[in-house]
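Using the sequences provided together with the hints, build the complete structure.
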Amino acid sequence: MDIQNYISSGKLELFVLGDLNETEQQEVLSMARKYPEIQEELKAIEAAMFAFDKASGKKPSAEVKDRIFSSLEASLPAQESPDRPGRPESVEKEVKLYPGANPWKPFAVAASLTAVLAIAAAAYFAYSYFDAEERYAVALEQNAILADDARSNQVRFDELDQSMERLLSGNFERIPMKGEGLPMQEDALVDVFWDKESSEVLLSVNQLADLDENSDYQLWAIGADGPVGIGLVNPSERLNLQHMQAAGAAQAFAITIEPRGGSESPTLEKLVVLGEVS
Amino acid sequence: MIQGLRARDRQVQEYLYEKYSGALFGIICRIIYDADLAEEVFHDAFLKINQKIDSYDPAKGRLYTWMANICRNSAIDKTRSKEFSKSSKTNTIDDYVYAMESGSDTAAAVDGIGVRELMEDLNEEQRFIMECIYFKGYTHTEVAEKYNIPLGTVKSRVRSAINVLKKKADII
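Residue numbers (my numbering), protein chains in the order written: chain A, 7 to 284; chain B, 2 to 173.
No wet-lab data here; the hints were simulated from the structure.
What you are looking at is a predicted structure, and each value in this text was computed from that prediction instead of being measured.
Some clues are possibly wrong.
[Said to hold, decoys possible] Okay, the calculated beta carbon distance ranges per label pair:
1) LYS111/A <-> LYS20/B: 47 to 57 Å
2) LYS61/B <-> ILE9/A: 16 to 26 Å
3) ALA116/A <-> LYS20/B: 44 to 54 Å
4) ALA116/A <-> THR154/B: 51 to 61 Å
5) LYS111/A <-> GLU15/B: 30 to 40 Å
6) ALA8/B <-> VAL122/A: 17 to 27 Å
7) ARG7/B <-> ILE9/A: 28 to 38 Å
8) THR29/A <-> GLU15/B: 32 to 42 Å
9) SER56/B <-> THR29/A: 18 to 28 Å
10) GLU125/B <-> SER14/A: 19 to 29 Å
11) TYR148/B <-> ALA121/A: 51 to 61 Å
12) PRO59/B <-> GLN10/A: 19 to 29 Å
13) ASP55/B <-> LYS111/A: 49 to 59 Å
14) LYS61/B <-> VAL122/A: 43 to 53 Å
[To be verified] In silico DSBU-like links for lysine-lysine, alpha-carbon gap of 30 Å or less:
15) LYS49/A <-> LYS137/B
16) LYS60/A <-> LYS20/B
17) LYS137/B <-> LYS40/A
Ideal Cβ positions, reconstructed from N, Cα and C, are used throughout, including at glycine.
Shown next as structure tokens:
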């Protein structure tokens with residue numbers, strides 16, 4: 007390495023002028039450490055520049071000095087440039103120069119991250135809550151419907167139980183009544199269950215056409231004294247025991263179509279089914 | 002002195018100001034022609050020096066060089082900021098000399114010889130290079146590119162110009 011060449015390259019001058027990049031600066035510094043001549047040259051250039059600046063420069067006004075020292079004093083406790091009216095851009099500049107110097111910055115970042123996460127969590131849980139609320143309401147409603155069903159089933163079960171008990175405990179005779187050979191309903195089929203001892207009469211519709219609202223089916227017990235009306239038959243309640251009025255004596259049972267509410271005596275032209283007691 | 006600055010000792014700060022403010026302010030004035038703006042930049046740069054003193058490494062050169070670079074960079078940053086009008090960047094030695102001589106402050110005259118005298122021994126090429134680098138804040142690579150001068154030539158002219166100034170400094 008020709009030191010004289012290095013010195014005359016102009017690099018040292020640029021170093022003093024701050025016009026070298028980091029790598030070149032490191033190079034000049036290590037050269038200066040190695041070679042006292044370079045060190046001497048650097049010192050001479052620095053001295054020359056200072057002398058030149060000093061000779062050519064002038065002192066700033068006293069007002070600037072006052073401002074600087076009041077700024078320095080104000081910055082003492084906080085170690086930071088304070089906010090002074092009238093010089094906002096200088097404060098702004100200081101802040102920009104030391105962005106990492108604010109010790110609260112990581113906390114602020116952490117706090118805002120936490121806030122964002124908390125908001126997301128809150129939204130999620132709120133959604134979950136309303137969803138659960140809704141499903142709970144639906145479940146309650148379904149539960150009420152099921153309870154209603156259970157109640158009505160219980161009622162029907164009790165009815166059936168009573169009918170069964172009555173049927174089993176009594177001495178009932180089954181009298182099938184048919185529409186065969188009669189002009190009204192060929193396929194009509196109704197069973198009467200009659201306990202001669204207790205006079206109790208039950209009825210089960212197997213097949214019977216629906217009527218208009220101005221007419222009713224009426225059951226008759228035909229004995230020695232002629233036909234006696236023992237109640238109205240509900241045609242829609244199929245294969246279910248209907249409790250009729252008592253019949254003491256009868257050779258046959260029959261159903262006719264009567265005006266709504268039933269009649270005193272049967273309208274024989276509208277005889278639907280007939281069954282004789284065997 | 003550096004320890005005093007690091008301890009934020011007011012007396013040491015005053016001493017620093019008295020010793021260097023003229024030279025440092027001179028650097029800024031060469032780049033920023035407007036006196037008010039130059040004082041504002043000097044204010045900010047001097048505060049910056051006191052704040053950054055902890056990062057100053059004496060192994061990397063003398064304190065004055067370090068401070069001079071802070072001032073020069075502050076001034077150059079200012080000329081490159083939006084608020085700085087383009088016309089102000091056309092500073093030349095003559096503008097500067099005129100500004101210094103016409104200034105109401107007579108301190109410059111008392112302090113010593115003027116820039117004109119310092120510069121009069123430079124030849125045309127050396128003057129031009131000093132104007133670009135020292136007055137307008139261009140880097141040597143910018144000068145080389147802009148005026149199509151080989152990089153080595155720019156460097157050697159910087160060196161010869163400072164050599165002339167060095168001899169002057171010896172006389173002072």
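Tested hints:
1. Under the hint 47 to 57 Å, the C-beta atoms of LYS111/A and LYS20/B, about 37 Å apart, miss the expected range.
2. Between LYS61/B and ILE9/A, the C-beta spacing of about 20 Å keeps the proposed range 16 to 26 Å intact.
3. Between ALA116/A and LYS20/B the beta carbons are some 46 Å apart, a value that agrees with the proposed interval 44 to 54 Å.
4. Evaluation of the 51 to 61 Å hint for ALA116/A and THR154/B yields a pass: the beta carbon distance comes to about 55 Å.
5. Distance hint for LYS111/A and GLU15/B: a CB-CB separation of about 34 Å, consistent with the stated range 30 to 40 Å.
6. In this structure, ALA8/B and VAL122/A break the distance hint of 17 to 27 Å, their C-beta atoms being roughly 43 Å apart.
7. Our hint of 28 to 38 Å for ARG7/B and ILE9/A holds, since their Cβ atoms are close to 35 Å apart.
8. Between THR29/A and GLU15/B the CB atoms are about 38 Å apart, so this pair conforms to the stated range of 32 to 42 Å.
9. Look at SER56/B against THR29/A: about 19 Å separates their beta carbons, and that is inside 18 to 28 Å.
10. Look at GLU125/B against SER14/A: about 21 Å separates their beta carbons, and that is inside 19 to 29 Å.
11. Distance hint check for TYR148/B and ALA121/A: the Cβ-Cβ separation is about 56 Å, which falls inside the suggested range of 51 to 61 Å.
12. The hinted window of 19 to 29 Å between PRO59/B and GLN10/A holds, with their beta carbons roughly 27 Å apart.
13. Between ASP55/B and LYS111/A the Cβ separation comes to about 20 Å, which falls outside the hinted range of 49 to 59 Å.
14. Between LYS61/B and VAL122/A the beta carbon distance is about 44 Å. The supplied range of 43 to 53 Å therefore holds.
15. Annotation: proposed proximity of LYS49/A to LYS137/B holds, straight-line Cα distance about 25 Å (limit 30 Å).
16. Of the supplied pair hints, the one linking LYS60/A and LYS20/B holds, its CA atoms being roughly 9 Å apart against a limit of 30 Å.
17. For a cut-off of 30 Å, the pair hint linking LYS137/B to LYS40/A is broken: about 34 Å separates their Cα positions.
Going through the hint list in order, the structure does not satisfy hints 1, 6, 13, 17.
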